[in-house]
Amino acid sequence: MTMTRRGNWLLLIGLSGLVVSIAAVQLFLIRPFAPQTPGLLALAFTLRRWSPWLTLGASVAALLLVWRIWRASPRVGPRATVLLLTALLIGSSWVARQNHFEWMFAPLPDARFVRAAEAGFVAPDDMVLAVALEGDAAAYPVRQLAYHHLVDDAVGKVPIVATY
Numbered sequence: 001m002t003m004t005r006r007g008n009w010l011l012l013i014g015l016s017g018l019v020v021s022i023a024a025v026q027l028f029l030i031r032p033f034a035p036q037t038p039g040l041l042a043l044a045f046t047l048r049r050w051s052p053w054l055t056l057g058a059s060v061a062a063l064l065l066v067w068r069i070w071r072a073s074p075r076v077g078p079r080a081t082v083l084l085l086t087a088l089l090i091g092s093s094w095v096a097r098q099n100h101f102e103w104m105f106a107p108l109p110d111a112r113f114v115r116a117a118e119a120g121f122v123a124p125d126d127m128v129l130a131v132a133l134e135g136d137a138a139a140y141p142v143r144q145l146a147y148h149h150l151v152d153d154a155v156g157k158v159p160i161v162a163t164y
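At position 78 of the sequence shown (counting the first as 1) the number is 78 in my numbering, and the numbers step up by one without a gap.
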């Protein structure tokens, strides 16, 4: 293996590691229900802001290296490794552009409601978030809101989003 080939491989592996790290650090630092410091959150949001451009630049550079390595390596092993690294790059670049909070905190899609007298699943000491509008009232158990985080509803014919 010549120095140029070795350099291409090392650079490709390094760029792949960079793109994976950019995506993974955001997912690790911005976790609900985990202790977070202001400095780490600032880092995570900075990465979130710059990750589309950083991963795009790293991916373009890596794809140029993939092309060079592919042409120089007619064997199956190196080509399979290059394909695996390419899939890792593309997948990590896609993840770095996603807002994973939209996945975790999706509104309850089909909320079902019962009258207060029929709500046997709500204990007397359970906390609820209550809304009263235009003569209508609704109560959302905090225990259930803590899981879904959002409920789209209408109270008194007024559209609301209940959140906790």
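Please keep in mind that the hints were generated in silico from the structure rather than gathered at the bench. Think of the CB as a built atom: it goes at the ideal place given N, C-alpha and C, for glycine as much as any other residue. Be careful, since some hints might not be right.
[Said to hold, decoys possible] Per label pair, the in silico range of CB-to-CB distance:
1) Ile13 - Ile160: 48 to 58 Å
2) Leu64 - Lys157: 18 to 28 Å
3) Val122 - Arg97: 36 to 46 Å
Going through the hints against the structure:
| no. | hint | result |
| --- | --- | --- |
| 1 | Ile13 - Ile160: 48 to 58 Å | holds, 51 Å |
| 2 | Leu64 - Lys157: 18 to 28 Å | violated, 58 Å |
| 3 | Val122 - Arg97: 36 to 46 Å | holds, 40 Å |
In terms of the numbered hints stated before, the structure departs from hint 2 and from no other.
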